[in-house]
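2 protein chains.
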Amino acid sequence: MSVTAPLGFRAAGVTAGLKQRGARDIALVVNDGPSRAAAGVFTRNRVQAAPVLWSRQVLTGGRVRAVVLNSGGANACTGPAGFQDTHATAEKVAELLGDSAGEVAVCSTGLIGERLPMDLLLPGVEAAAGQLSRDGGLAAADAIRTTDTVTKISFRRGEGYMVGGMAKGAGMLAPGMATMLCVITTDADVPAAELDRVLRAAVSVTFDRLDTDGCMSTNDTVLLLASGASGVTPAPGELERKVTEVCADLARQLLVDAEGATKAIAIEVVGSASEADAVEVGRAVARSNLLKCAIHGEDPNWGRVLSAVGTTGAAFEPDRVNVAINGIWICRGGAAGDDRAKVDLRPRDVTITIDLSAGPHSATVHTTDLTAEYVHENSAYST
Amino acid sequence: MSVTAPLGFRAAGVTAGLKQRGARDIALVVNDGPSRAAAGVFTRNRVQAAPVLWSRQVLTGGRVRAVVLNSGGANACTGPAGFQDTHATAEKVAELLGDSAGEVAVCSTGLIGERLPMDLLLPGVEAAAGQLSRDGGLAAADAIRTTDTVTKISFRRGEGYMVGGMAKGAGMLAPGMATMLCVITTDADVPAAELDRVLRAAVSVTFDRLDTDGCMSTNDTVLLLASGASGVTPAPGELERKVTEVCADLARQLLVDAEGATKAIAIEVVGSASEADAVEVGRAVARSNLLKCAIHGEDPNWGRVLSAVGTTGAAFEPDRVNVAINGIWICRGGAAGDDRAKVDLRPRDVTITIDLSAGPHSATVHTTDLTAEYVHENSAYST
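Residue numbers (my numbering), protein chains in the order written: chain A, 203 to 585; chain B, 203 to 585.
Since the hints were made in silico from the structure, they are not lab data.
Built from N, CA and C at the ideal position, the CB exists for glycine as well.
One or more of the hints may lead you astray.
[Stated by the list, open to error] Listed below are several chain A residues computed to face chain B (Cβ distance under 7 Å; list not exhaustive): (1) T262; (2) G264; (3) S509; (4) S559.
[To be verified] If you only want the chain B side, here are some residues facing chain A, beta carbon under 7 Å, derived: (5) G315; (6) V352; (7) V434.
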């Protein structure tokens with residue numbers, strides 16, 4: 203269903219030859235309206251790819267007619283020439299649609315530092331425009347894959363409207379690695395300012411709480427486009443709930459497909475003095491290579507949890523922290539608790555619960571284990 | 203030579219049975235004076251092991267008669283009972299030396315969260331006291347090893363005085379993993395306040411600039427003891443230079459022995475607006491798992507350098523950053539520079555130079571590559 207589940211959207215995914223293996227590498231998503239309201243959230247990395255610089259500018263207008271995405275090259279660290287390539291790509295889409303380039307967002311993913319082969323890309327964009335259809339959502343989702351082993355799509359049905367989405371990323375957010383791209387569509391009729399609020403709220407509790415390798419990409423982009431084709435304006439909070447569900451579903455798919463991962467680890471921080479404290483603690487634990495190795499080895503090494511908690515500025519007293527792994531409270535009051543032999547770490551899903559005993563707040567951060575396969579995949583990526 | 207190279211020190215290393223493999227596991231270093239001036243630097247982790255809590259208190263007095271160190275258990279996250287174990291260990295040393303426990307520092311390293319077997323440890327301390335000698339420095343250095351594959355010792359000769367040292371840690375500082383312990387001795391005659399200044403200055407440019415896995419230990423301790431036995435008080439700056447050399451030498455040994463590492467990576471940040479900016483950038487790059495995997499795969503992936511630089515708050519403009527790997531400027535002005543095929547990444551030593559073009563300052567941070575062996579070693583450590 204993907205981005206074409208809601209009314210008013212067409213999409214396509216084609217092979218332009220940017221990737222060596224002959225797979226699809228250009229996706230196009232077009233909003234046929236009647237509305238073009240849109241919002242975007244971008245990487246916080248200060249080194250931003252040309253398409254991010256371009257699309258941020260487009261989104262300031264709050265209107266998007268089309269999004270063109272390519273895999274096979276990130277167009278990051280490519281200087282003014284790379285920015286011109288992004289501009290030319292948007293102009294090409296605008297020309298094909300008879301519209302304005304100022305309302306065409308561009309996303310790219312792949313290796314950093316290499317120019318895109320425009321002689322292949324522009325004909326690919328033309329081919330994609332020729333194949334736009336109401337059934338094109340799956341092909342578009344397929345075309346944005348890099349090291350992703352599966353396409354990632356989601357949709358939710360609201361009261362008289364739909365929300366659909368596609369994403370790529372296999373390894374991720376801080377916001378993260380190898381680039382995470384996501385396009386979400388809805389046929390609800392909602393102004394751009396409200397879309398912006400909804401998208402930021404949804405991303406802050408989904409993609410922003412996924413941290414598989416602590417690496418932040420130059421290209422991360424999440425877009426939300428509304429066609430208004432259903433004529434329905436959801437009740438306040440209703441659209442946010444649906445968009446959050448789609449984001450959470452896609453985030454889960456990214457997590458499960460993270461490079462080399464064999465475990466999906468949920469780090470639940472409870473009893474914190476604030477939600478920000480809980481997120482800080484969850485993220486510190488999610489970034490501990492030592493802990494991620496231990497979980498890979500099915501070793502309930504709670505000492506590595508505590509030593510990561512201790513690197514944060516969160517409010518807590520070391521001798522009041524409790525830690526459970528898969529429900530067994532193996533650390534109580536900052537020291538050994540229940541028998542660690544009772545912890546069953548064989549399932550793929552692992553939950554680490556950290557009770558800071560410092561307040562009523564909580565948050566969950568998701569990560570993966572660190573494996574030899576991750577090392578292998580990322581040692582061999584560009585060569 | 204180790205910690206007994208300077209006059210006034212005796213040491214021993216014995217087997218108490220704390221480790222399973224029958225290796226030495228208790229070290230004792232005694233300062234016979236005439237001075238007992240001392241200084242210490244400890245982990246910044248908020249979760250601190252019992253011996254760190256104890257030794258910090260001892261060092262506030264600026265005097266240390268002896269340091270007792272054990273491998274085979276970190277005595278971290280062991281609650282009040284663990285603190286009593288540390289206290290009892292110091293009391294035992296004091297009793298054996300006919301001295302005050304308030305001037306006995308304690309260091310522990312090994313697994314977090316388990317009580318030390320005091321029935322084995324205290325007889326080991328007694329045995330160590332019985333074997334104290336002017337030749338004991340090497341045995342002491344051997345006794346503090348955990349996953350270290352070699353003993354780490356160093357010494358430098360000053361004008362009429364000596365500086366010696368031993369360290370353990372195989373993976374490291376943020377300050378870091380698996381615990382880094384270091385004892386430095388000198389027979390120079392220097393008051394405690396000056397030792398404190400010297401040690402902080404030396405650590406800040408050596409151990410603090412080593413970051414192999416971003417993980418900060420609960421037990422890291424660096425001690426500097428002065429016996430005054432040479433009767434020499436070095437000229438200002440002279441002792442700092444020698445202590446810094448010993449720290450740098452030991453830091454290098456830690457780096458080369460880091461768990462699973464096949465590359466020693468120096469991240470030289472130049473052209474920064476401040477030294478702090480240079481350290482922040484160096485550390486961010488040192489913590490990029492993606493970059494560390496790329497270097498392991500001998501892939502000069504400068505895009506991963508730039509994306510790590512972009513996560514910092516340092517002053518720089520993305521389009522003015524230059525990056526060289528092993529002397530080849532493959533990124534100029536934030537975009538592709540010289541041919542990446544010219545970069546030879548086969549040597550063990552790798553230098554990544556990052557020119558921020560933002561000022562006259564610089565700093566170098568040292569790290570290692572990320573390998574499947576690191577994952578293996580840390581998946582299997584406690585089980």
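Now for the hints, and whether the structure bears them out:
no. : hint : in the structure
1   : T262 : violated (20 Å)
2   : G264 : violated (26 Å)
3   : S509 : holds (5 Å)
4   : S559 : violated (14 Å)
5   : G315 : holds (4 Å)
6   : V352 : violated (21 Å)
7   : V434 : violated (40 Å)
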